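Residue strings, one per chain:
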Amino acid sequence: MGTNTPCASCKLLRRRCGKDCIFAPYFPSHELHKFAIVHKVFGASNVSKMLLELPVHQRPDAVSSLVYEATARVRDPVYGCVGAIWHLQNQVSQLQMQLVVAQAEILWIQMKREEAAAAVLLPQNGSEPYGNERALAHLHGESIIELPHELIVEDFGSDSSNYVSVQRVPLSTI
Amino acid sequence: MPIGKFMMSGAGSRCAACRYLRRRCSKDCIFSPHFPSSNPQRFAYVHRIYGASNVAKMLQRVSEFERSHAADSLHLEAKCRVEDPVYGCVGLISRLQRQIHNLESEIAMTRALVMMYESSLDRRKGSANGH
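Chains as they are written, first to last, in the working numbering: chain A, 1 to 174; chain B, 1001 to 1131.
Hints in this document: simulated from the structure, not taken from any laboratory.
Keep in mind that this is a model prediction, so the values were computed, not measured.
Beta carbons: idealized from backbone N, C-alpha and C, even for Gly.
Hints may contain errors.
What the hints assert, rightly or not - Here are the in silico distance ranges between beta carbons for each label pair:
id: 1; chain 1: A; residue 1: V92; chain 2: B; residue 2: K1057; range: 32 to 40 Å
id: 2; chain 1: B; residue 1: K1125; chain 2: A; residue 2: M97; range: 26 to 34 Å
id: 3; chain 1: A; residue 1: K40; chain 2: B; residue 2: Q1097; range: 40 to 48 Å
As the list claims (entries may be wrong) - List time: in silico DSS-like cross-link candidates among lysine-lysine, alpha-carbon distance up to 27 Å:
id: 4; chain 1: B; residue 1: K1057; chain 2: A; residue 2: K11
id: 5; chain 1: B; residue 1: K1079; chain 2: A; residue 2: K34
id: 6; chain 1: A; residue 1: K49; chain 2: B; residue 2: K1057
id: 7; chain 1: B; residue 1: K1057; chain 2: B; residue 2: K1079
id: 8; chain 1: A; residue 1: K34; chain 2: B; residue 2: K1027
id: 9; chain 1: B; residue 1: K1027; chain 2: A; residue 2: K49
id: 10; chain 1: A; residue 1: K40; chain 2: B; residue 2: K1125
id: 11; chain 1: A; residue 1: K40; chain 2: A; residue 2: K11
id: 12; chain 1: A; residue 1: K19; chain 2: A; residue 2: K40
id: 13; chain 1: B; residue 1: K1057; chain 2: A; residue 2: K40
id: 14; chain 1: A; residue 1: K112; chain 2: B; residue 2: K1125
id: 15; chain 1: A; residue 1: K19; chain 2: A; residue 2: K49
id: 16; chain 1: A; residue 1: K34; chain 2: A; residue 2: K49
id: 17; chain 1: A; residue 1: K34; chain 2: A; residue 2: K11
id: 18; chain 1: B; residue 1: K1057; chain 2: B; residue 2: K1027
id: 19; chain 1: A; residue 1: K34; chain 2: A; residue 2: K19
id: 20; chain 1: A; residue 1: K49; chain 2: A; residue 2: K11
Work out the full structure: start from the sequences and follow the hints.
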């Protein structure tokens, strides 16, 4: 052994820790447990191959994720960190349902608001045919221009039908 | 090539692990129930990440009933690691955690809007009744 302290992997594997040891930057000698756990699950040669396939700047993150996975596997030999993935996926599904419910509530309340606003603005005798339309436009922040009746009103259906459509004329067209 | 070297166990063919490792597949092969020859990729992933002997040790560590679940999870983790050599399935965990955080924020905002609309609706009803 040289004058340098061997890294955790070389200590555990009982070998000389050379200057170019692939493990030395990521498994310092005082963190024996980290290497022990990845060696137990993945094996030193597999870890070495995985690190060699990566550029140097990505190796620290790779080591951290390998330690995480190995720890999860030792704690739960059946599911490893797949157990955590399933748990999180269930949480996501539940939250998505909660969001849909909350959004449906908003739609329902918006409908109720529009009905309430229309009820307030509609006069009792019903003489103004465009009351609801104007109330809704007001709610939506739109501006409509009152044009002469003969220019804008179209009748649909039979004479007995009171349905008319009103053409909105945006202010920008004037 | 001597035929005896590739003696089949029973009436079936070798499992994917024994095919990959080029060895005899015995009746009590620990891999064969979980790595069928119809899916060679499944064993290829776990062998690449864990190695055959580590997989065998991990399967032996759990009860027979739980081995299929263990094999499935090992396969999933190995596949994630092959697809993402830096983060493996830890990358998926991070993404799910971020998704949960975003959903919780959105739910909180939506519920705040619901409360705001409900109180404005109550005010409108109140003013309508007052007339």
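Right, here's what the structure says about each hint:
In this structure the hint that A:V92 and B:K1057 lie 32 to 40 Å apart at CB holds, the actual value being about 33 Å. Separated by about 30 Å at the C-beta atoms, B:K1125 and A:M97 satisfy the suggested range of 26 to 34 Å. At roughly 26 Å, the beta-carbon separation of A:K40 and B:Q1097 lies outside the given 40 to 48 Å, and the hint is violated. For the given pair, B:K1057 sits about 23 Å from A:K11 by alpha-carbon distance, which is consistent with the 27 Å threshold.
Distance restraint check for B:K1079 and A:K34: the Cα-Cα separation of roughly 23 Å lies within the 27 Å cut-off, and the hinted pair is therefore satisfied. Restraint check: the Cα-Cα separation between A:K49 and B:K1057 comes to about 20 Å, which is no more than 27 Å; the hinted pair holds. For the given pair, B:K1057 sits about 19 Å from B:K1079 by alpha-carbon distance, which is consistent with the 27 Å threshold. Our distance criterion of 27 Å between C-alpha atoms is broken by A:K34 and B:K1027, whose separation comes to about 37 Å.
Restraint check for B:K1027 and A:K49: not satisfied, since their Cα atoms lie roughly 33 Å apart, outside the 27 Å limit. Of the pairs offered as hints, the one joining A:K40 and B:K1125 is violated, with about 68 Å between alpha carbons and a cut-off of 27 Å exceeded. This hinted pair checks out: A:K40 and A:K11 have alpha carbons roughly 15 Å apart, not beyond 27 Å. Restraint check for A:K19 and A:K40: satisfied, since their Cα atoms lie roughly 24 Å apart, inside the 27 Å limit.
Between B:K1057 and A:K40 the CA atoms are separated by roughly 10 Å; this keeps the pair inside 27 Å, and the hint holds. The suggested pairing of A:K112 with B:K1125 holds, with an alpha-carbon distance near 10 Å, which does not exceed 27 Å. A C-alpha spacing of about 18 Å is found between A:K19 and A:K49, which places the hinted pair at or below 27 Å, so the restraint holds. A C-alpha spacing of about 18 Å is found between A:K34 and A:K49, which places the hinted pair at or below 27 Å, so the restraint holds.
Our distance criterion of 27 Å between C-alpha atoms is met by A:K34 and A:K11, whose separation comes to about 12 Å. A distance of roughly 18 Å separates the Cα atoms of B:K1057 and B:K1027; the hinted pair therefore holds under the 27 Å criterion. The straight-line distance between the Cα atoms of A:K34 and A:K19 is roughly 20 Å, inside the 27 Å bound, and the hint therefore holds. Straight-line distance between C-alpha atoms of A:K49 and A:K11 comes to about 19 Å, which keeps the hinted pair within the 27 Å bound.
Of the numbered hints listed earlier, those contradicted by the structure are 3, 8, 9 and 10.
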